[in-house]
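S.K.: The hints should help you fit chain G onto chain W, whose structure is shown.
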Amino acid sequence: MDYIIKLKRKKKSFWKDGFVWRMAWRDARHNMYRLFLFVSSVIIGIAALVSINSFNINLQANIDRQAKELLGADFVISASEEFQEELAVAMDSAGGYQASEVTMASMARFMTSTPGTRLIRLVAMEGDFPFYGVVETTPGDALSRMKQGQTAMLDQNLASRYDVSSDDSLAVGQLTFTIAGEVDQIPNGGGVQATFTPSIYIDMDWLDSTGLVQYGSRVTYKRYFAFDSDEEASAAFEKLRPIARKYGYSVDDVQERKEDLGRAFENLYRFFSLLAFVALILGSIGVASSIHIYVREKRNTVAVLRCIGASGWQAFYIFLIQSVFLGVIGSLIGVFIGLFLQYSLPLMLAEFIPLDLEIGVAWQAIFNGLVMGIVISILFSLLPLLSIRFIPPLSVLRTHSGGPKRRSKSTITVATLIVFFPFLVATYQTRDWLMGLSFFGGLITAFLVLTALAFVLMWAVRTYFPSRAGFILRQSLANLFRPNNQTHVLMVVIGLGVFLIATLQIVQNSLLNQVEFVGQDNQSNTILFDIQREQKDGVVDLTEENELPVNQLVPIVTSRLSKVKGRTIAQIQEDTTDNIRNWSLTREYRVTYRDSLHVSEKLLEGGVQHISGDSIFVTISEGMQDNLEVGVGDSLVFDVQGVPFQVYIAGVRDVEWQKDPPNFIFVFPNGVLEEAPQFYVLATRVDDDAVANKYQRELVTAFPNVSLIDIRLILETIDGFFNKVKFIIQFMALFSIITGLIVLAGAVLNSRHARLKENVLLRTIGASGKQIVGLTLLEYVYLGMLAGLTGILLSLVSSWVLARYFFEIVFRPDVPALIITWVAVIILTVIVGWWNTRQVVNESPLTVLRREG
Amino acid sequence: MENILSVENLTKRFTSGDRELTVLDNITFNLRKGSSLAVVGPSGSGKTTLLGLCAGLDVPTEGSVTLAGIKLNALDEDDRAFMRNKHVGFIFQNFQLLPTLTAEENVLIPLELRGERPDYQLARELLGRVGLGDRSSHYPSQLSGGEQQRVAMARAFITRPEILFADEPTGNLDESTAETVTELLFDLNREAGTTLVLVTHNMELASFTERILELRGGHLVKDTAHIPG
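For the record, the sequence lines run as chains W and G. For what it's worth, the working numbering labels the leading residue of the first sequence as 56, then goes sequentially. For what it's worth, the working numbering labels the leading residue of the second sequence as 682, then goes sequentially.
Chain W extracted, bound-state conformation (with noise of 0.2 Å):
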């Protein structure tokens, strides 16, 4: 016999291949239920990534669009002294149009229908700023009405918080002000520090008359320049920035009030890359888990394909068409949804963004949106489409015929690729490869950790877990190792959403706690400053008539240095071969004087402050020697109100700062700074809210210039601030736990066959309908626990770093909301796990073995 050992087989191209794009469609569309899951994952990734990079390239446009407005002026010179005469004559002499402005801290007392004293910031303006923007106020005539008479605007929330309304009146130092309306936006202000410290604005006229600024008083002067060219707002700025460097003060022109801006929002919009980072990783994650799990399931089918003729490419293109359909119709639901998400970013932000945010579509995230859909679609479905090709037609008739294990060029060209994606993607988004780095790392230890986490527990418990528990408790336990259950990857997934969600509960907590903490064991949590030596006896007389503990009475003596070992201010300036920061040498110190350590003090090396012979020690706290490179014998010259002091570092204190305060970065010893002109801090404790506003009311009232910093307003401020920040992290975290669920609903989807097989044999052998009930509830519940676990497990360990290392405060986690969190975990997976199986539970055995044949 003749034999042919070769067949001449034509290879046709896939686009040719009528019966692959046939079969594509014929297969896909009685599985959406099952592609629907596919579908879903890369809606949920394209829709985090399109609707933050849509906004943070709508937020980039608006910076460059309103630069010159965020500033109200062309440049401004702050300081906070009144501006030394050399540079005052500059100025003056510098031409354009100029305004000042003059900021400090003061207590304010509202006469509104919810009266009431706090803290604030104290604008006095004078000149026509802002040159460029506008002022936006409520009603529009309020600023001509604030410069028209003894009149005052107020920041929105202060106006909401006090239920200001028209022609109520409030009191800062010794003046009344009637209320003239509400400021909306202001050019150079808003922002986090509105929220903070919000602020009252009154006319420069006026602030002689309050009498807040006296000695000690923090007081920031601003000259704000606008001129009719850019050029002539160049040379002044060149001409006034050495001066003003000179002595200390700040310059910021347009600018770099844009990169300040730019840099400030460089976090935010770092942290946004971040959370579409982690939202498209999950995405993908939840792509290869379906179509692994899709591909499973079609195993048969190519085999009975590969048996009858197909060829392994012709099996592999048919997969492969579904997968890129899918992904572009995911793709273009994400944008949608991703475009429609945006708009909702800048409301949740608001508060934190001093800018009027103009949203509109951005093309080239769109475009990024749709790319990156049909990358993650085809890129994460290859490794499991490829197995495709190498499964064997045998096993048709043997189902145990070896899987396609095989590994080809194409799938090691393929997994170096996905694991090589994230560093890709990281590093697109945030523009710079090191930070890409830095995430691709964070993300790979994340996910090392969280599996080596849901390994071991996973171990523990099937150790550990009692044999001689009842039937039902070790069955549904069994079933989360039963084949296709992918409860490793739901664990790392479902995990990961709560790590995110419980870090920053832990965190939150330790933070507010710490505030608490201050207030516990009768330490202070009212601070009084800015009292006059002449006040300090009636204050201590008025806080005694309210039986209220004198905790601290603090002398402060404010001073700059002039000399760090031996050298003059000016002279290290212009050495560039230091790191000394310019602002530690410049800034003003406040300082006080004792013999002993402070209860929040430890002496790390040296000793305590004090006399020997002709010579002044004192102690430094630890932060600040570094930051001016001085250590224990070193040398410093402090300008106290003109009288130059040589003083030696006698020892390096380490600060707790938020306890019992306040406390120093220098302290002198007794016996130097006593005639030194100086002011008072006296701390003490309110527990009760009556007499704290009696207190505060009295106070005010007679002291005008003293303020007040209740620690509980602070406590208070700080939960709102956190609220507004988790909120956010919360919907981004809720991404990842949808992805998760996504993943369940299709590992529970798939494995369908099994649970049905198992429950007709546990019915058939005499199981109750309400034990196959029990058995797959109690399945579900170990899943939620073990998953909630995991996530909580490596929370601890990451807030207790972030507490330890980035925040320094106590870790505190909260019990209770852990608690919550994980019981919620567990009744979100019962639900989607029993939505999805109650049909299989529901079935007679009868009815399946009749449809199963």
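Keep in mind that the hints were calculated from the coordinates and are not lab data. There may be inaccurate statements among the hints.
Stated by the list, open to error - Taking lysine to any residue pairs in the SDA-like style, the calculated list, with each CA pair at most 20 Å apart, reads:
#	chain 1	residue 1	chain 2	residue 2
1	W	K657	W	N637
2	W	K812	G	N853
3	G	K767	W	W368
4	W	K464	G	D757
5	W	K71	G	D800
M.R.: Showing chain G alone in chain W's frame:
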């Protein structure tokens, strides 16, 4: 008459852990075009393995299979698939219809795999021939076991294969359905002049063929020619 299938010294071994298991040992036989053959034997005797090797679904450890003049050993997986599409039809114990395709679409696949346009007329004729003319748009899950096997037969015959491999075609059917299916199988086979290779436990079914090979423990123990009953 010309041989459609030549099996020479066919051996198949599997490795299970450290152990090597010989499932088929040195099997040799030829099959004439248009004839019918039943492979019988107890479970584990190597019947299905032999069928898989003869149809090119698997490759032998030693020996060779020549099908329709083509030596299968020399072909790669895709070439063997192409060869099966050109020359071979299959019927399986558990029908192996694609659940997402209608009866008509299932029947058309082998034709479409050849690159031909779907011939709906021919598919309907074949379905009519197996008694399912009115069920062409039904999905496998909407058909009984016997009906599914008849769709599988229509699918196997649509390309008029030179050889048909049937693995326990009545194994999952009740007695009366099995009888109908058997009758139909042999009728179609006769009409198309197809060579039939049947793997079965069922001696009654085997008795319809012209020749019976009996396997035991991977060895060919009996090769009997007889007049079909």
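S.K.: Please name the hints from earlier in the document that this structure breaks, with their numbers sorted from lowest to highest.
M.R.: As far as the earlier hints go, only 1 is violated by this structure.
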